[in-house]
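Number of protein chains: 4
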Amino acid sequence: MKKIAVFTSGGDSPGMNACIRAVVRTAIYKGLEVYGINRGYEGMIEGDIKRLYSHSVSNIVQRGGTILKSARSQEFRTPEGRKAAYDNLVKHGIDGIVAIGGDGTFTGAKIFFEEFGIPTVGCPGTIDNDIYGTDYTIGFDTAVNTALEAIDKIRDTAAAHDRIFFIEVMGRDAGFIAVESGIGGGAEFVMVPETKTDLDAVVKSLKNLRKTKTSCVIVVAEGDEEGNAEEVMAKVKTKIKDDSKEFKVTTLGHIQRGGNPTARDRVLASRCGMAAVEGLISGKVNCMAGIIHQEVVYTSFADCIGKTKPINEDQLKLLDILSI
Amino acid sequence: MKKIAVFTSGGDSPGMNACIRAVVRTAIYKGLEVYGINRGYEGMIEGDIKRLYSHSVSNIVQRGGTILKSARSQEFRTPEGRKAAYDNLVKHGIDGIVAIGGDGTFTGAKIFFEEFGIPTVGCPGTIDNDIYGTDYTIGFDTAVNTALEAIDKIRDTAAAHDRIFFIEVMGRDAGFIAVESGIGGGAEFVMVPETKTDLDAVVKSLKNLRKTKTSCVIVVAEGDEEGNAEEVMAKVKTKIKDDSKEFKVTTLGHIQRGGNPTARDRVLASRCGMAAVEGLISGKVNCMAGIIHQEVVYTSFADCIGKTKPINEDQLKLLDILSI
Amino acid sequence: MKKIAVFTSGGDSPGMNACIRAVVRTAIYKGLEVYGINRGYEGMIEGDIKRLYSHSVSNIVQRGGTILKSARSQEFRTPEGRKAAYDNLVKHGIDGIVAIGGDGTFTGAKIFFEEFGIPTVGCPGTIDNDIYGTDYTIGFDTAVNTALEAIDKIRDTAAAHDRIFFIEVMGRDAGFIAVESGIGGGAEFVMVPETKTDLDAVVKSLKNLRKTKTSCVIVVAEGDEEGNAEEVMAKVKTKIKDDSKEFKVTTLGHIQRGGNPTARDRVLASRCGMAAVEGLISGKVNCMAGIIHQEVVYTSFADCIGKTKPINEDQLKLLDILSI
Amino acid sequence: MKKIAVFTSGGDSPGMNACIRAVVRTAIYKGLEVYGINRGYEGMIEGDIKRLYSHSVSNIVQRGGTILKSARSQEFRTPEGRKAAYDNLVKHGIDGIVAIGGDGTFTGAKIFFEEFGIPTVGCPGTIDNDIYGTDYTIGFDTAVNTALEAIDKIRDTAAAHDRIFFIEVMGRDAGFIAVESGIGGGAEFVMVPETKTDLDAVVKSLKNLRKTKTSCVIVVAEGDEEGNAEEVMAKVKTKIKDDSKEFKVTTLGHIQRGGNPTARDRVLASRCGMAAVEGLISGKVNCMAGIIHQEVVYTSFADCIGKTKPINEDQLKLLDILSI
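Chains as they are written, first to last, in this note's numbering: chain A, 30 to 353; chain B, 30 to 353; chain C, 30 to 353; chain D, 30 to 353.
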């Protein structure tokens, strides 16, 4: 292994820059040359590749977004696209890759490895935390804290006006952000795709609201099976038949993707980035470097993609108890 | 003047608590008894009134929302409602009122004063900044900074993905939040109700986008005459006829109302609160205490309601120049 | 078990309120009566004890500090003090205790349990993270993020002026805050009590500074064996003999103890609080409820106090590599 | 006027980058070429000058520090230094300068203009707010909010432990940061260089502390005539002769200089930057562009340096009343 490349792909997440920095500096420390590929697989196909140095990643550890930019590539799904990408890597003499991203990124990396055999290690970069093989993904902690700060702000106004707020957080397939921001924000209910949402229980509880508390915050993961926050609110409103209650919806949206990463995300990103380079050198490839129980663990791309990380049952139980 | 009451009414805004604290402590300092009315005119009608002490307002200067809660009252619009409110004030011996809120609050206060003659001074508590008689309203600075932090976060992800973002900020009738958060956030365009939005210019500019910059942030005040952010985006998308560009919409919503007030809002709220009590004592009533050019100014409720505060033309010009 | 009491003791930490809330609501959910003891052992001796209800802990999950206040008690170190405390518990019929705090708190709880046999479970509330039996302590994540945000700010000014900054973070006996904020903040060096600090290596590195980077951030745990930040800076300055370099010291101090807890701390605090009550009910007593590898673990007070939690070696290695 | 240069000098302040951006883009908009001088007068002497384009200042509006770096120059105080600086400007064909900084910067600019006649306009970039000719300086609002957030955090722990905190904020000659952060933070006392500090009144008040409140926050400007926070605390401790009270000191230090600028600072910086370029073009030179009463005002360097901006008396009165 002499020259490696690093790229970010899929939805960006806070901490990707810290991860790029760790990859670059670990590679240099280990005597490797390192290159950055812009805009993920798209840039690999176009040959948008440049040499990176230690100073190229100065002063980025604290920044959201990704200096290598990110994109989703249709062309990489075709054999022609992947061949073009491979040719560009060969042209630069690159013999190892670090791919920072989520499910889609790793699916591409797996096929690419199977077809062309270029050693690849992944780093789990996505705010959704829905990747098997790591306790947390890079960006999740920041996204949860961003959601939480928004919930804190909304509670101020909910309490001032005795209102019922439905707050939609990101999570098309997974409720991790919803559960942690819901517990942290003192939400009365959290609705996630992993569990059946009982709207009648919500309605019953809201009817009793005025007795002990007068405002209410309900966190809805965008992928809940009852719909997004707007839809869930409409259903609840129809069921409750009480015009005296004021319902409001806030969709947090893309603010959850940006912002300076938290300490936890910077440390996680740094450790994963270093582990990815060490994996490439020591031959642990076609896999992702994650952190489980505070130790580095390499999990095959096949498992990362194929297995599901369950939501913590203790936390769901906690939510029920703490909202009394 | 021996006993005064204070209440908050209309949409809540960060700094209302700092204002309540200033009213209470100035009143006590001046030898007055002071009462808090819960939920604005609604609580006045219901007699939801309690004595406040210096310690009642300890540790609230930094909190969003309002400890006195806020509401909009239909009943106060009727003569019967106002009579009931008046009777409750008489019952408690209250001979002066501080009303913290916006246009609607002052309209109610003006009628009430004309009917019953209870001396009233207002404090400008609203995030929208659309009140004549004060350079800034209490809560505006916090709302702008909240919007700005959200725009900063979204720029991270916009830049990472070369996307065009339409960000909707509050402002049904006024573009103050949009203009200041747009300048501060380095927005390429800002759309406000006060000026004609030229969608063709936006489209033309977006077509040239890839040459010098690849992402774009457009701030839309919710009350722009071309519609809200979702509607404006749809119009632009239709006009631009370019599928390669990715458009996204984020509506910041109620997070703009909450949160710990900024230094500027706490100082402004404290000064207005003190001035309101001094106004009551010195007979400057049926008016609002605002700060113009760093000095306390009392403006009649009639002017506060009837006159329009214009948007700063220099700032609009600035936006055009800085987005090149 | 019918009546339990909860208190906070030792240095306060962000998340203590979230923990109190979880204790109170879990207890009520399980059918227990719950009491709050003010100011730790001090209040137990004085009988400063009051009943807590579900609404007593509303709207505190997001607040720093502790609504039960905290103190260090000399009197509790005497048999007479502990006897007085015991009598007060008996008077209120309290048959179980949750003690939120650190080493000193658990030492007191252990003796108290041995003398009087009142079942006690601890929750790890301290920013220092130096408690055996839990991956993280309540408040640590917030303290690290507070330190990190300060480091980010200081990097701005360090970079603008080409300065060398020594930043002192809390940690009398442990370098956890220093290591995580150092990695996260991109520090060039981190000095901690657990490892020998090599000042000559620092000096050598600083001499080479101008070549690749022009500013430098060094994080010093207050308990480093070479001294606090001021002392370390003086030593380095003496050794380096180069007047062209500008050295600055910033001691972050008590800001690290306060502030709204992060999501991670709120969730951790909530889980520990619930687990403590469940421990009391199920007879797991004279121990602390912590979270190890995402699961609740009960560790005897003897082990919590007697065993040392080591610093993560991987992280120290990471620091060396990432600062090149 | 065809080519202008911009630099930052003296202590850096948040918003300097927003100001540089405004200068660059306004200049380009007006058809001028624009150059950046690194490290203030130091770089002018060394000829460290480079062309700036619109994209050179992309994505910096939100960043603390200064991309042009800052320095204090001894050499510029000598005629030889200034001659060397002038020669470099001539070499680049620069016929106008925007100088962003404080008192020292403007003193240098004034002499330089008198000697060599190169038109110069200043922008008020300093956190201290102690510049005559503008209501606020660039960076002041951010510094106040940073101090305020620190005070909020410290209040959490002060309240939890019933402690008396002396918090030192920046301000060698001026108490602006102390007064605004003190009002905003609900401080019991604020000590500033502009007014005589009455330590006996503080002691008297602290003796009565336990009756109505149990903790206390005192904000000390570093330049108070009674000394810095450590010294003031020592004096108070000696006078009060009460061992039961716990005194703590926190010196906020350099965190006040960094961080992302607030909305207010970004808007102010943008307006001043634009006004400076317009001043150069229209012949308003040897002066500073500030904002007074929301309008651009040009004040001669002589007045900026020679006249003193008084502290707002109303605010000092406010502090007395609100801390009861």
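Hints may be right or wrong, so weigh each one.
The list treats identical chains as one, so a pair stands whether inside a single copy or across any two.
Distance condition first, Cα-Cα at most 25 Å in a straight line; then the derived SDA-like pairs of lysine to any residue [said to hold, decoys possible]:
1) K268 / D132
2) K242 / Y82
3) K346 / Y165
4) K274 / T226
5) K225 / D349
6) K277 / G76
7) K336 / Q323
8) K277 / N257
9) K274 / I321
10) K242 / K264
11) K242 / I96
12) K274 / K338
13) K79 / I96
14) K336 / E324
15) K31 / S352
16) K336 / F142
17) K264 / Y58
18) K112 / E62
19) K233 / I96
20) K336 / G146
21) K264 / T280
22) K338 / D164
23) K242 / N88
24) K338 / Q323
25) K32 / K346
It should be emphasised that the hints constitute simulated quantities derived from the structure, not laboratory data.
Okay, the hints, checked on the actual structure:
Taking the shortest Cα distances, K268 and D132 never come within 25 Å of each other, neither inside one copy (38 Å) nor across copies (35 Å). For a Cα distance limit of 25 Å, the shortest separation of K242 from Y82 across copies, 13 Å, qualifies, whereas the shortest one inside one copy, 57 Å, does not. Taking the shortest Cα distances, K346 and Y165 sit within 25 Å of each other both inside one copy (20 Å) and across copies (21 Å). When the C-alpha separation of K274 and T226 is checked against a cutoff of 25 Å, the pair qualifies only within one copy, where the shortest distance is 21 Å, while the shortest distance between copies is 37 Å.
Only within a single protomer do K225 and D349 lie at most 25 Å apart by alpha-carbon distance; the minimum there is 14 Å, versus 48 Å between protomers. In this assembly of identical chains, the alpha carbons of K277 and G76 never lie at most 25 Å apart, being 48 Å within a copy and 28 Å across copies at closest. Proximity of K336 to Q323 under the C-alpha cut-off of 25 Å is found in both arrangements, the shortest distances being 20 Å within a copy and 19 Å between copies. Taking identical chains as interchangeable, the C-alpha atoms of K277 and N257 lie at most 25 Å apart whether they share a chain (13 Å) or sit on different chains (17 Å).
Within a single copy, K274 and I321 get their C-alpha atoms no closer than 45 Å, and across copies no closer than 39 Å, so neither meets the 25 Å cut-off. In this assembly of identical chains, the alpha carbons of K242 and K264 lie at most 25 Å apart only when taken from the same copy (22 Å versus 43 Å across copies). In this assembly of identical chains, K242 and I96 lie within 25 Å of each other by CA distance solely across copies; the values are 14 Å between and 46 Å within a copy. Taking the shortest alpha-carbon separations for K274 and K338, neither the intra-copy value of 38 Å nor the inter-copy value of 34 Å comes in at or below 25 Å.
For the homomeric pair K79 and I96, the shortest alpha-carbon distances inside one copy (12 Å) and between copies (24 Å) are both at most 25 Å. Taking the shortest Cα distances, K336 and E324 sit within 25 Å of each other both inside one copy (20 Å) and across copies (21 Å). Taking the closest pair of Cα atoms, K31 and S352 come within 25 Å of each other only across two copies (22 Å); inside a single copy the shortest separation is 56 Å, beyond that limit. Within a single copy, K336 and F142 get their C-alpha atoms as close as 20 Å, which meets the 25 Å cut-off; across copies the closest is 46 Å, which misses it.
Proximity of K264 and Y58 under a CA criterion of 25 Å is satisfied in neither setting, with 57 Å inside one chain copy and 29 Å between copies. Taking the shortest alpha-carbon separations for K112 and E62, only the intra-copy value of 23 Å comes in at or below 25 Å, while the best inter-copy value is 46 Å. In this assembly of identical chains, the alpha carbons of K233 and I96 never lie at most 25 Å apart, being 49 Å within a copy and 28 Å across copies at closest. For a Cα distance limit of 25 Å, the shortest separation of K336 from G146 inside one copy, 23 Å, qualifies, whereas the shortest one across copies, 48 Å, does not.
Taking the shortest Cα distances, K264 and T280 sit within 25 Å of each other both inside one copy (17 Å) and across copies (22 Å). Taking the closest pair of Cα atoms, K338 and D164 come within 25 Å of each other both inside a single copy (9 Å) and across two copies (21 Å). When the C-alpha separation of K242 and N88 is checked against a cutoff of 25 Å, the pair qualifies only between copies, where the shortest distance is 11 Å, while the shortest distance within a copy is 47 Å. Taking identical chains as interchangeable, the C-alpha atoms of K338 and Q323 lie at most 25 Å apart whether they share a chain (17 Å) or sit on different chains (14 Å).
In this homomeric assembly, K32 and K346 come within 25 Å of each other (Cα to Cα) only across copies, at 23 Å, whereas the closest approach inside a single copy is 49 Å.
Violated hints, in rising order: 1, 6, 9, 12, 17, 19; the structure is consistent with all others.
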